[in-house]
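Hey, can you work out the whole structure from these sequences and the hints?
Chains as they are written, first to last, in our numbering: chain A, 14 to 208; chain B, 22 to 288; chain C, 10 to 585.
Everything labelled a hint here was simulated from the structure, so no lab data went into it. Being a predicted model, the structure only gives us computed values, none of them experimental. Some clues are possibly wrong.
With a cut-off of at most 30 Å between alpha-carbon atoms, the simulated BS3-like pairs for lysine-lysine come out as follows [stated by the list, open to error]: (1) C:K370 <-> C:K452; (2) C:K524 <-> C:K452; (3) C:K370 <-> B:K102; (4) B:K90 <-> C:K570; (5) C:K570 <-> C:K527; (6) A:K30 <-> C:K312; (7) C:K558 <-> B:K102; (8) B:K89 <-> C:K312; (9) C:K558 <-> B:K103; (10) B:K249 <-> B:K220; (11) C:K452 <-> C:K39; (12) A:K179 <-> C:K27; (13) C:K452 <-> B:K89; (14) A:K99 <-> A:K178.
Here is how the chains run, residue by residue.
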Amino acid sequence: MSSVNAEIHNDIQDELKSSIGMTVILVSLMMFFGTLFFGYAVYRFTTETWPPMGMQKINLMLPSMTTIAVSLGSLFFEISKKYLNKNNKIQGKNFLILSIVMGLSYVFFQYLLWRSMGQLGLYTSTGIFASLIYAFTWIHVAHMSMALILFFWAYIALLPREINKKMLRSFTNIGTFWHFLSGIWFFIFIFLFVL
Amino acid sequence: MSFAIMYFISSAFADTHMSFWERISPPKDISVNGHLIDYLFHYTTFFNIVFFLLVCAGLFGFSYLYAKKRHPIAYYTHGNKKIHVIVATLIGAFVFFAIDLNITRMSSNDFSKIFANFPKKDEDVIKVEVLAQQWMWTFRYAGADQVFNTDDDVITTNDLRLPTGKKVVLELLSKDVIHSLFLPNVRQKVDAMPGRISKMWFELTTPGNYEIACAEMCGTHHYKMASKFKVYSPEDFQRWLATANQMALAENDLANADYFWGWQWEE
Amino acid sequence: MATFEQHIHPAPTTFLSKYIFSFDHKVIAKQFLWYGIFFLAVGGMMALMIRWTLAFPGEAFPIIGTMLFPDTHGVIPPDTYAMLFTMHGTIMIFYAITPILIGAFGNFCIPLMIGARDMVFPTLNMLSFWFAVLSAIILMSSLFTPLGAAAGGWTSYPTLSTVIGSPGVGQTLWALAIFVVGISSTLGAINYITTIIVLRAPGMGYFDMPLTVWGLWLTAILNAIFLPVLAAGVLLLIFDRVFGTTFFLAGAAATSGSGDPVLFQHVFWIFGHPEVYILILPAWGIVSDLLSFFARKPAFGMKATALSMTTITILSTLVYGHHMFTTQMSPLLTQSFMTLTMTISIPSAIFFANWLGTIWKGSIRFTSPMLFSLGVVFVFGLGGLTGLYLGTVTTDLYLHDTYFVVGHFHYTMAASVLLGGFGAIYFWMPKMFGVMMNECLAKVHFWLTMIGLNGIFMGMMIVGYAGMHRRIYNPFVYEYLQKLIPINTFITYSAILMGLSQFIFLYNFIHALLKGEKASDNPWEVGTLEWTIPSPAPHYNFKEIPVVKCGPHEFGNPNLKNGRDYQYQTEQLVEG
Numbered sequence: 014m015s016s017v018n019a020e021i022h023n024d025i026q027d028e029l030k031s032s033i034g035m036t037v038i039l040v041s042l043m044m045f046f047g048t049l050f051f052g053y054a055v056y057r058f059t060t061e062t063w064p065p066m067g068m069q070k071i072n073l074m075l076p077s078m079t080t081i082a083v084s085l086g087s088l089f090f091e092i093s094k095k096y097l098n099k100n101n102k103i104q105g106k107n108f109l110i111l112s113i114v115m116g117l118s119y120v121f122f123q124y125l126l127w128r129s130m131g132q133l134g135l136y137t138s139t140g141i142f143a144s145l146i147y148a149f150t151w152i153h154v155a156h157m158s159m160a161l162i163l164f165f166w167a168y169i170a171l172l173p174r175e176i177n178k179k180m181l182r183s184f185t186n187i188g189t190f191w192h193f194l195s196g197i198w199f200f201i202f203i204f205l206f207v208l
Numbered sequence: 022m023s024f025a026i027m028y029f030i031s032s033a034f035a036d037t038h039m040s041f042w043e044r045i046s047p048p049k050d051i052s053v054n055g056h057l058i059d060y061l062f063h064y065t066t067f068f069n070i071v072f073f074l075l076v077c078a079g080l081f082g083f084s085y086l087y088a089k090k091r092h093p094i095a096y097y098t099h100g101n102k103k104i105h106v107i108v109a110t111l112i113g114a115f116v117f118f119a120i121d122l123n124i125t126r127m128s129s130n131d132f133s134k135i136f137a138n139f140p141k142k143d144e145d146v147i148k149v150e151v152l153a154q155q156w157m158w159t160f161r162y163a164g165a166d167q168v169f170n171t172d173d174d175v176i177t178t179n180d181l182r183l184p185t186g187k188k189v190v191l192e193l194l195s196k197d198v199i200h201s202l203f204l205p206n207v208r209q210k211v212d213a214m215p216g217r218i219s220k221m222w223f224e225l226t227t228p229g230n231y232e233i234a235c236a237e238m239c240g241t242h243h244y245k246m247a248s249k250f251k252v253y254s255p256e257d258f259q260r261w262l263a264t265a266n267q268m269a270l271a272e273n274d275l276a277n278a279d280y281f282w283g284w285q286w287e288e
Numbered sequence: 010m011a012t013f014e015q016h017i018h019p020a021p022t023t024f025l026s027k028y029i030f031s032f033d034h035k036v037i038a039k040q041f042l043w044y045g046i047f048f049l050a051v052g053g054m055m056a057l058m059i060r061w062t063l064a065f066p067g068e069a070f071p072i073i074g075t076m077l078f079p080d081t082h083g084v085i086p087p088d089t090y091a092m093l094f095t096m097h098g099t100i101m102i103f104y105a106i107t108p109i110l111i112g113a114f115g116n117f118c119i120p121l122m123i124g125a126r127d128m129v130f131p132t133l134n135m136l137s138f139w140f141a142v143l144s145a146i147i148l149m150s151s152l153f154t155p156l157g158a159a160a161g162g163w164t165s166y167p168t169l170s171t172v173i174g175s176p177g178v179g180q181t182l183w184a185l186a187i188f189v190v191g192i193s194s195t196l197g198a199i200n201y202i203t204t205i206i207v208l209r210a211p212g213m214g215y216f217d218m219p220l221t222v223w224g225l226w227l228t229a230i231l232n233a234i235f236l237p238v239l240a241a242g243v244l245l246l247i248f249d250r251v252f253g254t255t256f257f258l259a260g261a262a263a264t265s266g267s268g269d270p271v272l273f274q275h276v277f278w279i280f281g282h283p284e285v286y287i288l289i290l291p292a293w294g295i296v297s298d299l300l301s302f303f304a305r306k307p308a309f310g311m312k313a314t315a316l317s318m319t320t321i322t323i324l325s326t327l328v329y330g331h332h333m334f335t336t337q338m339s340p341l342l343t344q345s346f347m348t349l350t351m352t353i354s355i356p357s358a359i360f361f362a363n364w365l366g367t368i369w370k371g372s373i374r375f376t377s378p379m380l381f382s383l384g385v386v387f388v389f390g391l392g393g394l395t396g397l398y399l400g401t402v403t404t405d406l407y408l409h410d411t412y413f414v415v416g417h418f419h420y421t422m423a424a425s426v427l428l429g430g431f432g433a434i435y436f437w438m439p440k441m442f443g444v445m446m447n448e449c450l451a452k453v454h455f456w457l458t459m460i461g462l463n464g465i466f467m468g469m470m471i472v473g474y475a476g477m478h479r480r481i482y483n484p485f486v487y488e489y490l491q492k493l494i495p496i497n498t499f500i501t502y503s504a505i506l507m508g509l510s511q512f513i514f515l516y517n518f519i520h521a522l523l524k525g526e527k528a529s530d531n532p533w534e535v536g537t538l539e540w541t542i543p544s545p546a547p548h549y550n551f552k553e554i555p556v557v558k559c560g561p562h563e564f565g566n567p568n569l570k571n572g573r574d575y576q577y578q579t580e581q582l583v584e585g
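Structure representation (structure tokens):
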């Protein structure tokens, strides 16, 4: 077997490895968040009025901002990846920085959300309504922080490298993780804030 | 080694005044429907023994017959011939249809027609509210006015008294953690949960003194969460309830807010 | 499956990279094995303390009692008793069985049996072990907190496990430890699933994989799917305990709003029922293989066995409700769960038939691994059949939360898995460490363990049927249980017998490691891939990636003319 062939083979293998591994991780995370949403559904259906008596819905302003930040983060990252695919490192870097900024502003908006909830008198122990919002946002922020760390890692460790299949694959995986979390945030936004 | 085995056996049969079967049989069944559960248990046991003997026959029989010294050359088969597949499937089907579906049908019938079929609203039943807490049982009878949470309610602690010959419905709630009301003589148990009322019904046959246990782990003194269970004849029960009602009217401490832990009966 | 190049990295040289932070699946397997055996001993000791209390309430635990419980002169106090059974369950499930069967044998067998040089993600593999260690440290440290370790049972139902029922920090640490061990197992699962899909040797289809690998694969799939469910549950529990949320608080205790303690039970058992199969599937796979190896006969209906295991895996996700019959779900739900539960017996019966079919007309060699496998058939038969009483709702109304349940699940989860694990240790010892264990001692160990465990678990079912409920410190405060004192004593003596007989194993194991007889490359005369390489398996396993040409159980082929009665998987199937 010629060395070119071997390289192609290794590439297929790496592709397979990373895609299967990533699928399993996403299935696991889906089950994790699925369980949380299952819990949410149970609370929601067994409570007669929602939000429960004496509580009001959260103003949609901050959650909407968060949604926008997350979606833009996704978008910028995709654009960055596209430039990298075209070997344009400078634009790739710029858009990566933009998505990092979006990630940071996501965390900031969540912080504002928690503060505003405190001002509304909604604390963790106020009841199931507040508990749900706090728990979901905490867990989501924890996961997003991991994604953000991966963004930083991409910036520090991946970008300086020469652009090759392996590096792009890492980029794709990080992106998939972020998109997945954006999707989850979308559900959180709909179920916990809008509905 | 042999000493240890001897010790085992002697320890199991040391008290000769009780036969081994008596020792391992469940407590006396004092309810109208408990025999259904016992019957299903024995029915399942019968089939289990038959099936397990088959497994043992295969396991020990084949081990004996096909040990290397008796059967030096193995028969080469992958077990995927038609006949093999049919036999394996037949065994699977036999277990499913002969045992499983039968007991499922029986159990399902018993459950939906009896155990989960609570007395109708207009039926004359004994109603008792049960409050579980760490680590005691409190029982509340509605008293003369038949309404719960009023000042003539009879309240007993760790002492359930019920008559024979009349359906009894219990409603349970827990004050703190999950408990489980276990009446071994009635063959039933149901969890008592905080924030969610659960129910149980039965009808008793034999007067006497029995015991109630908590079956769900509920903390350090879970093992001591026992209650007396006294079964009266209907007349004795009426007599007791009347006296208790008088005493309740005289002694209930209405100023204590904790007294009104009862709830409106849920039909 | 195309041939993939798998690089051979140079062997690590420093002590740290070779034995501690190793990427080599074989070293990680051994680490898991030591870890598992250590916790097996700890959990077993706890079991003995529990048994002692039940048989001799109020008497000091012999020898080490006064050292451990000086305040009570060696008598185990009730709160410690609750901690003991909680930790016994948790440790045995997550820190003993899981590491031995899945951690050690999963890591060891998968690459060797599918002809790979290592796992796909060696780093994840190493992390998986160290997460497990971290989790164990968290769990064990909870024993030394002021109010002691978790004491709400291994199921830790709220509201007992919230601050209402257990104010100490131990319960929080328990939940955290479970969360971390969940991460560890999920990382392992990602690795196993991917490795089996990607790195099978050329020519090896899914049905050419040994059934051990099938069992481990299905286990990994269940792990990856259902551990996150538990993780979500315990995470919310941690929030309730630490941050004061109200997910599982209800009734008089919740300040406002109302949580739902039963939700935790749902979440717990959605995970918990598959967990039973997570533990038993590797053992089933190993036993299916060993029966064929030592009956010198191809595994009977191998495809059907593999598919039955898969069916059970799928069904196991749909039946969890039978753990919750006494919480009064709606009757319709109750009946559905009962019926679904019963369907599990079809695939179970089929592979039982296949196990017996495998030894039928074989030429059985009663080596120690074979004895243990036959033992599994026996105890799992008992365990599986007694499950019927608990799957039917009406008998469960009486038997739920009694010792009958304890006996039943110990038969299925403890006895079968333990015997399967011992069988695996005796069988793969030569490939793992390059030495043979003493057969005679192994057989003594088998028979004593077998007598002991049947005494224990059969006894438990008997006292359970007689009405003795679970998790009670002193059953004899109840009048109707007093007649059970002799049987409880009998169970305890059986437990002591079983506990003592493990010293035979320990002696045998350590003796073999220190000065055991050197093993040949293929001492059991078996044809799967791991036996084509030297013992112990060398660094990077296979010099040349093997090419698979036949199934894993080719024994007794009458057309074989080379004096062997088995074929290696790398050889073309000889046909007449």
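Legend entry - Hint check against the structure, violated hint numbers in rising order: none
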